[in-house]
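Below are the chains, spelled out letter by letter.
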Amino acid sequence: MLLRRLEVRGVRCFDQRVTLGPFVDGLNMIHGPNESGKSTLMEAMARAVFDRYSVGGADIQELRPRGSSLSPEVTVEFEWQQRCYRLHKRFIDDPRSVLEIYDGTRWVARHERDAADDYVRQIFSGEVAGRGLTPVSGWGLARTLWMLQRPGGSEHHGVSDAVAAQLRSALAGQLQITTRLDAVAERVEAAYREDFTPTGKIRKGSRLQELDDGLSARREQLEEARRRMEEADRTVQRMESVESELERLAQERCTVVSDLEVVESEVARVEKMRDEVRARREALSEQRDRLDRLEQNLRDVQAALATIARGERSLEAMEGEREQIALRVQSMEYLVHEADSALSRARSARTEAERALRHGIRALDVLGEWQKYRALCEQHERVWSLSEALHEAEKELAREDAPTEEEIEQLQDVEREADRLRAMAEASSLRVHMHAHVAQPVKCRVDQVDDADETTRVLDAGEQHEVSGLDRINLSLPGVMDLDIASGSSQARDLRRRVDQLEAEACAQCDRLGIASAKEGRDRRARSQAIERRIEQLREKRAHALGGYDDAASLQTAAREAERRVEEGRQRMGWADEDLSQYDSPVLRELQETADKARRDEEQAQGIYEERKQNLEEKREEQVTLSAKLREIQGEIDTAETTVRAVLGSIGCPDPDTLAHWTEEAREQTRTLEEEVGQLEAELPGEEEDPSVRRDTVRAALCEIEKREKSLEHERIEVGVALDSAKTRGAYEEAVKIEEEIAEMETTLARHRQRAWGVYLLRSILTKRREAAMTEHLPGLEREIARMMTRITRRPRTVALDGTIRPRGVESDRGEWYARDALSSGTAEQLDLVMRLAIGRVYSRHITRTMVVLDDALLYTDPERHDRIKELLKVLSADIQVLLLTSHPARYRGIIDEEGRFDLAALRLTEDSSLGRG
Amino acid sequence: MVRFLHTADWQMGMKATDASALGRQLREARFATLRRVAVLAKERSCDFVLAAGDLFEHNQVSPETVTRTLQIFGDIAPIPVYMLPGNHDWYDAGSVYRRDIFRSYENIVVLGRRAPVAIGANCMLYPCPVFRRWEMDEPTGWIPVREDEEEIRIGVAHGSLMPLAEPDPVLPVPEDVVTRKSLDYLALGHYHSLRRVADDRVAYPGTPEPTRFGEADAGWVLEVELQGPGQPPRITPHRVGRLRWLEWREELEGNVCEVIGDLDRRISALEDPDHTLLRLTLTGSVNADELVILEDFRNRLDARRENRSILFTQLREEVMTTESLDGALHRAAMEDDVLAGVIADLTALGSLHASAGPVEDPRDPESLLEDVRPLEGCGVGTEALAQEALTRLARIIAEVM
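Sequence order for the protein chains is A and B. Under the working numbering, residue 918 is the last one in the first sequence; the count climbs by one each step, no gaps. Under the working numbering, residue 401 is the last one in the second sequence; the count climbs by one each step, no gaps.
Any given hint could turn out to be false.
What the hints assert, rightly or not - Here's a subset of chain B near chain A, in silico, CB distances under 10 Å, partners left out:
no., residue
1, Thr17
2, Leu22
3, Arg98
4, Arg99
5, Pro169
6, Ala332
7, Glu370
8, Asp371
9, Cys378
10, Leu385
11, Glu388
Read the hints as simulated data drawn from the structure, not as lab findings. Glycine included, C-beta positions come from ideal geometry on N, C-alpha and C.
Full structure from sequences and hints, please.
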């Protein structure tokens with residue numbers, strides 16, 4: 001197919017009519033800046049060629065200019081196998097499709113609507129259009145040769161089956177046979193499409209799918225019918241179970257009713273026995289009450305009689321005791337009197353002893369005061385002597401008059417500085433050591449600081465002599481030489497001068513302190529300190545000797561006070577002699593012991609007296625108590641006698657013996673009644689054998705049965721209703737009918753399934769075989785592509801294709817194979833371009849001349865290769881029509897003739913233009 | 001003397017297992033047959049009709065089926081109809097015989113208990129109803145031996161007459177029960193073919209209308225006449241069944257076209273095709289090209305059924321397909337390498353027996369297995385698919401070339 005003219009209106013940015021053409025057989029270029037509508041033109045052309053005129057939906061709406069209600073219109077004028085066609089398409093509103101053919105003089109309408117669409121589709125080997133836009137995979141030849149701007153649009157995705165078949169035919173040169181094979185393949189494909197989608201899935205709405213769906217639905221119905229049958233079966237089983245249970249219950253009920261009758265008669269018999277027992281028990285109870293009363297009376301009488309007897313016995317015994325107690329009281333009164341006399345004596349003795357003891361204590365006090373007075377006198381004498389020694393020491397310290405420690409320190413500092421400077425002066429002075437080998441007179445003059453000292457002496461042979469001076473030494477060896485040695489320094493002189501000052505300062509200090517040197521000051525200082533320590537010791541001793549007194553005067557005052565007290569005591573005691581040492585200390589201990597003994601004797605006498613008095617009181621109380629008890633017992637006896645009389649009188653009994661007889665009789669009657677009741681009770685059934693209990697059990701069982709029967713009857717009615725419903729439903733026949741339908745459908749489905757999948761297999765194998773055959777014819781195409789690639793890249797290349805004419809890989813000059821994806825973007829882009837050009841060339845040479853569209857196809861290609869591609873395009877334009885779309889027209893300069901160039905921007909400036917050559 | 005019709009195994013409401021497409025028609029045909037039996041009972045002045053079990057296919061048959069069946073029997077009143085529950089319509093709480101409609105017909109008596117039923121003054125019926133679907137006990141065991149009765153004793157049971165080859169038969173009925181219990185006649189049901197034993201004192205009438213292919217000697221009811229106790233019964237079979245269930249077997253040899261043509265002619269010549277059900281089994285071998293002939297024949301049979309020129313046909317193909325080619329496939333293989341390759345591949349996949357080598361060699365097995373892998377789970381075997389594919393290819397090539 002060769003494009004001759006293209007006209008669009010109402011398509012995206014083209015709201016006005018725009019016409020391009022005529023296009024030349026070789027290279028054509030539509031150029032314009034970005035967004036000028038180049039790609040839109042190509043899309044409009046594709047929509048016109050491949051989509052149904054009646055296509056609807058959002059995608060085709062999207063083709064309208066934004067905000068416009070214009071209907072997209074496209075006119076494509078093309079040449080196919082030396083005949084010119086014109087396709088006019090209008091979408092959306094008033095859609096139409098008209099295919100015209102040029103008969104040499106005019107355009108004649110050939111097909112309209114769907115027929116026109118189908119015809120064009122066949123020309124391009126496109127697939128049948130669906131309801132929506134036709135995908136690129138259905139574009140047939142254009143899928144391969146139109147390299148448009150769209151995601152993945154530049155990559156070569158192989159060719160359609162139909163195009164592959166055409167290429168294979170072309171390459172093999174077996175047009176007749178392949179046409180027949182294509183016819184076979186077409187029919188196989190048609191048969192395949194009845195039931196399957198192109199991707200191998202079962203097509204929705206296909207017979208196969210319908211049968212499958214129908215069968216599934218029927219199977220579900222069958223399941224439902226079977227479920228109803230099973231439900232009915234379960235209902236039947238439930239009814240069977242209920243009826244069987246009811247039957248069993250009826251039998252059980254008969255048995256229970258029979259048991260109940262037996263138990264009821266037994267219960268009546270036992271009740272009669274129980275009435276008899278109850279009557280006897282009442283009589284026994286009355287008899288027991290009478291017996292209790294008699295026994296109580298008897299016990300009361302017997303107790304009263306016993307009380308009387310006991311009281312009488314007690315009275316007799318207690319009379320004797322009362323007499324003994326009286327005698328005892330008398331003897332005890334005498335003993336009390338005796339103890340009282342002894343107590344009076346002891347009290348007098350104790351008073352005497354205490355008086356003697358008090359006198360002794362007073363004497364002891366006076367003697368104690370005298371002793372204290374003597375001690376104070378001795379203490380005063382000792383303090384006096386210590387005070388004297390202290391006074392002497394203080395005077396000695398005052399005589400010593402030693403300099404202070406600070407003064408000594410100052411003096412010592414001056415002396416030490418003078419010594420230090422002196423040593424320094426000595427060190428810096430001149431010294432000459434002479435050793436005479438022969439006797440030699442030497443005159444030596446030494447210059448000191450302020451004066452000069454000159455000496456002359458003769459040195460004997462072997463004698464040594466040393467002279468020293470601070471500043472200068474002059475040695476004169478008569479007849480030999482004069483030797484003048486000078487130090488050249490004034491330091492020694494300054495030092496010596498400073499030493500003299502210090503020594504003068506030290507002398508002045510010594511004079512002021514009255515000492516010769518610091519050493520002497522230090523010695524005097526040591527002695528003063530020794531005296532001070534002695535003074536301190538004496539002070540401590542005197543403080544000790546004072547003992548608590550502040551001073552000797554207070555000590556003396558205390559001694560005088562003691563002397564006064566002694567004098568007072570001596571006079572009080574009536575002692576004549578002032579010297580109390582002649583008076584012995586009284587034997588105070590003995591006096592104390594005597595007083596203590598007298599006190600103990602008094603206490604003892606007091607104890608005996610009180611004890612005896614206590615005993616006497618107790619005995620007297622005993623005597624009173626006994627008298628009261630005697631009176632009490634007599635009262636009890638009187639009460640008991642009254643009781644006996646009252647009891648016997650109340651029951652009309654003459655005497656206690658008769659009462660005892662009556663009681664014994666009643667006891668015997670009670671025993672007899674008890675035995676009778678015991679016998680009757682033994683005959684009654686036990687608790688476990690109680691027929692009334694059994695009767696209750698049986699009645700309960702009967703109730704239970706009746707309850708269960710009612711429940712089952714109710715259940716039977718319920719189940720009966722369900723059963724009637726199940727019976728009238730006829731689920732079995734429902735299931736049967738469905739099963740028959742399923743069987744029939746399964747037969748049909750099996751047959752259709754075999755046919756459909758047989759076709760599937762046939763198609764699959766046919767496709768494989770065709771691909772294999774195609775592969776056999778591919779080397780020619782592979783060589784073509786390899787040549788082109790080598791021409792562009794300037795490197796030897798080998799390309800391998802698969803059955804759908806897609807590059808399996810490219811071999812580099814080093815013999816390594818690369819998949820397309822492993823190539824650089826530029827090389828991959830070039831390979832895709834070359835694939836299209838090569839296929840287009842084969843198609844044009846062997847089938848019919850055709851067009852290749854390249855919409856900004858070379859994005860990654862470098863300028864050098866771009867130039868080579870330009871050359872290649874120039875060469876190929878002899879075989880194929882090329883339509884380049886680009887925003888860089890300069891890149892193709894020199895290869896496109898003027899009549900093949902179309903400036904879209906300029907074209908759009910001219911409304912309703914018919915020609916837009918740039 | 002008593003005269004009665006002995007019938008059994010009507011299976012009303014049955015499922016048409018072998019001819020599912022005809023289910024409704026087959027069930028309807030049984031009603032027609034039943035009406036003929038009713039007419040026969042009246043014509044033969046029978047004292048009663050005895051149905052020995054399986055009158056209904058199942059206890060859950062539709063009310064319509066029950067009503068129509070009872071109406072037909074009700075129409076022969078006052079002739080009593082004694083119905084015995086069998087193993088298909090066993091007598092339990094959900095039994096079809098316990099539906100209320102049975103009480104609407106005075107002449108219909110359900111034999112739901114194992115207790116004697118007096119028929120007139122001189123005949124006693126000993127029914128042996130079935131109470132469970134699968135019963136292994138002897139149903140006739142309860143029948144008392146004759147003491148000093150003077151009446152005719154008729155046993156009616158549903159079960160398998162012993163001894164039988166099959167182990168653990170359902171409802172075993174000993175063959176000597178008729179002598180042990182001194183029965184004058186034992187009316188049995190359960191087997192669908194006519195069978196008379198013990199000097200006609202024991203009999204199965206078989207189903208009055210066959211239910212499937214292979215039921216030989218079916219389509220009868222028995223007229224039984226008993227002169228008196230101890231007298232041998234006189235049995236007269238009456239054919240009442242109308243449908244013919246034919247089974248043909250044909251071997252494809254030599255010229256397949258001719259064989260198929262002959263079959264076509266024989267089918268066309270069938271008598272009473274409206275009531276004929278035909279099962280045709282084809283054996284032998286055909287080559288891939290002849291598969292088309294078979295397919296055409298299959299289509300013709302379907303067409304016959306659809307245009308009612310025969311009631312029912314069923315084609316069973318036990319045919320072996322060979323690889324030898326002499327038709328369109330052969331020509332295509334000679335002319336086109338691709339087609340030759342396709343045929344070779346399909347031949348290999350179809351495991352066809354080679355008699356003449358194909359033009360091309362099949363691809364390697366691994367590659368072929370790849371082709372059939374997507375077909376796994378489609379429900380059709382690889383060989384059948386390959387043969388089908390060859391058939392399709394042959395037909396397409398024939399059309400194209």
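Do the hints match the structure? See the list:
1. Thr17: Holds, about 8 Å.
2. Leu22: 8 Å, holds
3. Arg98: 8 Å, holds
4. Arg99: Hint on Arg99/B: holds, closest Cβ of chain A at ~5 Å, below 10 Å.
5. Pro169: Violated, about 24 Å.
6. Ala332: Nearest chain A Cβ about 8 Å off; hint holds.
7. Glu370: Hint holds; Glu370/B Cβ to chain A Cβ min 8 Å, cut 10 Å.
8. Asp371: 5 Å, holds
9. Cys378: Constraint on Cys378/B satisfied, holds at 5 Å.
10. Leu385: 5 Å, holds
11. Glu388: 3 Å, holds
In this structure, the one hint that does not hold is number 5.
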